[in-house]
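**Student:** Whenever a hint applies, use it, and build me the whole structure from the sequences.
As a plain string of letters, each chain reads:
2 protein chains.
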Amino acid sequence: MAKDNKKLVQSITSREEDFAQWYTDVVREAELCDYSSVKGCLNYLPNGYAIWENIQADLDKRFKETGVENVYLPMLIPENLLQKEADHVEGFAPEVAWVTHGGMERLQERLCIRPTSETLFCELWSRTVQSYRDLPKVWNQWNSVLRWEKTTRPFLRSREFLWQEGHTIHATYEEAEERTLMMWKVYRDFISESLAIPFVAGRKTESEKFAGAQDTYTVEALMHDGKALQAATSHFFGNGFPDAYDIKYLDKNNELHSVYETSWGLSTRIIGAIIMVHGDDSGLVLPPRIAPKQVRVIPVAQHKEGVLDRSEELLAAIRAEGLRADIDESEKSPGWKFSEQEMLGIPVRVELGPKDIENGQAVLVRRDTREKTVVSIDDVPAVLKELLETVQQDMYDRAKAFLDSHIDEAQTMDEMKAKFTDNRGFIKAMWCGDESCEEMIKTETGGAGSRCLIEDEEPISDRCVCCGKPAKYKVFWGKAY
Amino acid sequence: MAKDNKKLVQSITSREEDFAQWYTDVVREAELCDYSSVKGCLNYLPNGYAIWENIQADLDKRFKETGVENVYLPMLIPENLLQKEADHVEGFAPEVAWVTHGGMERLQERLCIRPTSETLFCELWSRTVQSYRDLPKVWNQWNSVLRWEKTTRPFLRSREFLWQEGHTIHATYEEAEERTLMMWKVYRDFISESLAIPFVAGRKTESEKFAGAQDTYTVEALMHDGKALQAATSHFFGNGFPDAYDIKYLDKNNELHSVYETSWGLSTRIIGAIIMVHGDDSGLVLPPRIAPKQVRVIPVAQHKEGVLDRSEELLAAIRAEGLRADIDESEKSPGWKFSEQEMLGIPVRVELGPKDIENGQAVLVRRDTREKTVVSIDDVPAVLKELLETVQQDMYDRAKAFLDSHIDEAQTMDEMKAKFTDNRGFIKAMWCGDESCEEMIKTETGGAGSRCLIEDEEPISDRCVCCGKPAKYKVFWGKAY
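So the sequence lines, in the order shown, correspond to chains A and B.
So the first sequence is numbered by my numbering: it starts at 1 and just counts up by one.
So the second sequence is numbered by my numbering: it starts at 1 and just counts up by one.
No lab work stands behind these hints: they were computed from the structure.
The hints are all genuine.
Think about it this way: if two alpha-carbon atoms lie no more than 25 Å apart in a straight line, the pair counts; the simulated BS3-like pairs of lysine-lysine are:
1) Lys61/B <-> Lys293/A
2) Lys252/A <-> Lys137/A
3) Lys417/B <-> Lys428/B
4) Lys137/A <-> Lys293/B
5) Lys479/A <-> Lys428/A
6) Lys474/B <-> Lys419/B
7) Lys64/B <-> Lys385/A
8) Lys64/A <-> Lys61/B
9) Lys293/B <-> Lys61/A
10) Lys332/B <-> Lys137/A
11) Lys64/A <-> Lys385/B
12) Lys293/A <-> Lys137/B
**Tutor:** The following block contains the structure:
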């Protein structure tokens, strides 16, 4: 009831006025998720979870095309197992939740709820991998993990979150490295093609890589407020991790060898990126490939004879084309229905009123540009199919233009500080490789850290932007979620 | 290496000799799952998890056709929330795991890992449902739950297990009751059509229903050893549960009402049922509709020229028909490959050797009956498609004949006791409705409990089989997993 009287669009803050509040408002009004009775844990509501389901279906297909098999390992990890790899336990132990009682009994050993599952995969493989015939293992699971975060935000940081975590082991260093890079490419393809999100991508610095990894490769997207978001990562472990868990195999000559490991993940954070890259002051704007509904039919003056019947016929024809479509036959006003469709980010709406029917036409309205096209009713399904492809491509192109216009470079700290005030985004600058400079840059710029190394471009200069000593790396710097 | 020398089929116990050991052997040799480092928690391995993925895809589609929306609610439940509904907390509190520490801090209130999520759904709805416009909610989640079981067996009983739990609320008693029965039917259709498993089905007695429910409807399948397995349940809560959590809505006249609730679930136990209904002394026998691989091509004398090429062409043609197929090109002997395909329960294998190629034919061998058919190579894909349908139907028919031959009735306790010794399965007998008789029957028969009420048949007599007092119900009795 309240819902029918309030003004939907006015209920969200404008993006330019207060980006953080805009984000919160969109998540709430589009009913994507809300907080539960456990601090920092989310309820993923139907509108939000349906996006995740489409992400899962698309990405899982890409995984399987590269030979990935899905599994499910337990949510609980014994304390002694977590502690076997030193860097890893140091990275995760401070932020795990501990189970101390099962039923009425106190447990002899504490169990933590998995913050990530490298330890469990390694334990399993240490028992089951013996021969070169058992390799490689290329496994993935879709699950939830829990990290006891202090501050949380919907999708971006919550204590429990959904993700996929892939884990693989291989007989050789080269094969594991190849898999690390292959999955990094799968993520880049998925994020650009299916989510219409452009990015910069590269290797992480020592201080930013995953706890226990030898190398971490990241995909860094740029949000509309100029802050970066780590969208996916692929880690190469070498043999350090599997050696700590004593995973060895016998080769054809009966000689014992180490195995080489990778892991890679993408989480529900990516829904935050979709919102913050594409959304606008009317709400969500969803890329057609992962939108739960791609088309909504909205009858106008639906009380008039024939309007609802013709609208339903049209809906059936659109669905027959293989598009995900629904219809809003509620008693709300057309204007109200348009606002709701816009808030939900449904890529195209089809308006159909008595005059349209008289003229044998319908009006298609794009969510991203609000552009209207009048189309002969019979042509609607075919036109929609093409239009959705166009919308998908245009959304990527617009986001790419935004990203490109928010990449800059700096030769000095003064330049760097000034650019992070005026023009947020990614700044390219040289770095000596010392963590103290990395820290200093973060402090001086009010939070811009190293996002990733740039390994395929000419250096800007031969000096570190911070200390002036010889530069080793060219780096993307940026503030981040 | 060990694997190449051992005799695969001899590595499993025969079903008649020791059914429990046969089950354990099949689970291990088919590499479906194994125990993890946490007592009673399973690692679901690729062969086992792939069955679950197919179950999910099939059942989820059926759910969505009835209007179900998927969500994801947190894995943790605050202690005070669990305690709001008296019967429910009494049923679950003794078997939950408790989180007492988050990060480095002791929590002010203990959190349990969900054993089931009625409480979380009710908490969410108590905050978000206000008007008749907010109803119904027809939600489901695919997740894992944890119950601190003392004795565990792969798939059948483990501390953490995978399932789906559907939860709905409705404006009226009738609508909620209709949904309870609708989902019960969805399960029955799925279990018979897709899993080829026949069953008896009905309402549970008071003592056997879900903690907090008003009515529980169950699907009870019969395993090859004559024991029943509860394959799925659908619960009707009335308004007791939602009232305890204070979920109310205003109708069109602004009057406040209770809502009516249902929940319904199916878990990875069902994989145990698939094994124990269809499996034989050579291993798994999977119904084609949910088999991860439906067809395996096995080249014979593959070192001979053209065999591998022709086999791969055939595989491509089979896949083009939309069938899930793979090929075994390893260097093992054909006999060994046949044993492996049989162990994994792949419904049909296609044998192709030099002579077959010469004659333009291939040999199709059904896993369920071992029946061989010689088919022209070009016809293989089309013949396979039909053959898989036949296998699916025959598997159901055989299991149905087994079930029918294991249903009997009893008029007296002596008869009942004798029949549960000689001929295990379901026994129909009359019952007065007293829990003491229900208990007594269980004790006297060595464990046969009430599986479900029979409400659409004539009574056998007017006296309780146990106490001889007037009978109220006709009941299926059986020993169960």
